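Visitor: Chain residues, written in single-letter form:
There are 2 protein chains.
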Amino acid sequence: MTVRRVSAYKWVPPFAQGLVRDLRVRWALEEAGFAYEVDAIAHPDRLAPDYVAKQPFAQVPVYEEDDLVLFESGAIVLHLARQSTMLMPSDPTEQAHVTMWIFAALNSIEPCISVLAELDLFHAEQNWAREQRPLAEETVKARLQQLADALADRDYLLKQFSAADLMLVSVLRILRHTNILAGFSTLTAYQNRVESRPAFKRALEAQMNTFAAYEP
Amino acid sequence: MTVRRVSAYKWVPPFAQGLVRDLRVRWALEEAGFAYEVDAIAHPDRLAPDYVAKQPFAQVPVYEEDDLVLFESGAIVLHLARQSTMLMPSDPTEQAHVTMWIFAALNSIEPCISVLAELDLFHAEQNWAREQRPLAEETVKARLQQLADALADRDYLLKQFSAADLMLVSVLRILRHTNILAGFSTLTAYQNRVESRPAFKRALEAQMNTFAAYEP
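Chains A and B, in that order, give the protein sequences.
By my numbering, the letter at position 112 of the first sequence is numbered 112, and the numbering carries on one by one without gaps.
By my numbering, the letter at position 169 of the second sequence is numbered 169, and the numbering carries on one by one without gaps.
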């Protein structure tokens, strides 16, 4: 029996609840129907030598599957996708396309969204952040328009729901403190469609339950 | 006989030469010993509908392999790595580790480096960029220290050279307009080691030759 474990923070402030990246891995595990255990760590303990030995950038999640130890939520989700057709079809071309969109979510879309979120959540009082913000928002909107054009009238990025949608919606969620997505009806409908999946709801509830259990 | 094609810009300004992402794919192709053809496009033609149909974010590279069309250099390099033990061992655990470090390069390291590079290369005259720069540089240095600690005294990220090193060094190269890497002797030695590979030299020369052929 394979034992799967995911590291997660015991608690984070509300602005980060529902966004911390163990959610992406919990969601993939739920879609695949794989049971897992949670290693809840206090936020400062991400810097402990034992933890950094598993996650050199001192973040969550770490994923352990028997003797395999992985970090990077993109790599973990792709690893799980190779084990479940709920996350990725078995056809090699379709697998290449799922992989491509996971990378697109993390390298073509998330970076500009993260820039905007950091300005808003960590530096909103700084003059330089206020001055930079219009450009950062414009950059996000341009990228979202390209994404909406690519998605067009399809329900999912590929023929059926896959780990690519899981990752892309996980990235779009980072915009929740803004009303930017509301300007893209295609993407709003897409996000609602994907977030309505029972596996997502279970994953989100599980992350929130951990925070509730350790509420300071 | 598999036909492989990579899109590349006919010409870009010197600050981008040697960094454009088709280099990553050319390098992987060279390591694997796969012949390829180049589809050189003028920079404005990235916006042409035929091109955007292949690359929704209007960037290079697009990779075509017979009927398969892929974008995202991370996904393309991983796709090639699955075809060549020069890029990735055949052992599943080692493959998971190579994949993990490709994602780490693109999602945990490149974003903060790109923020710094954009400040320096596109916004250096803006007050907000000058005010933000110390924090952006500090963020890069903290991440590089974590990376140097993780690499420790090893020659490569994993037991032997792999696509993970190819991707990580491709990301570190974005810092070439700064002297930041010089503060990390482990990483400088690592970059020199990886860039000394004949396959890298051939790939870089090929990209530069395209620019020379179309010099305006």
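Please keep in mind that the hints were generated in silico from the structure rather than gathered at the bench.
Note that this is a predicted model, so its numbers are computed, not measured.
Hints may contain errors.
Identical copies carry no separate label here, and so any pair may be met within one copy or between two of them.
Subject to a maximum C-alpha distance of 27 Å in a straight line, what follows is the list of computed DSSO-like cross-link-like pairs (lysine-lysine) [claimed, not checked]:
(1) LYS159 / LYS141
(2) LYS10 / LYS159
(3) LYS54 / LYS10
(4) LYS201 / LYS159
(5) LYS159 / LYS54
Visitor: Taking the hints in turn, state whether each one holds.
Guide: The hints, checked one at a time:
1. LYS159 / LYS141: within (25 Å within a copy, 42 Å between copies)
2. LYS10 / LYS159: neither (37 Å within a copy, 34 Å between copies)
3. LYS54 / LYS10: Only inside one copy: LYS54 and LYS10 sit 18 Å apart there, 43 Å across copies, limit 27 Å.
4. LYS201 / LYS159: within (22 Å within a copy, 40 Å between copies)
5. LYS159 / LYS54: between (36 Å within a copy, 17 Å between copies)
Comparing the model with each numbered hint stated earlier shows that hint 2 is the single one that does not hold.
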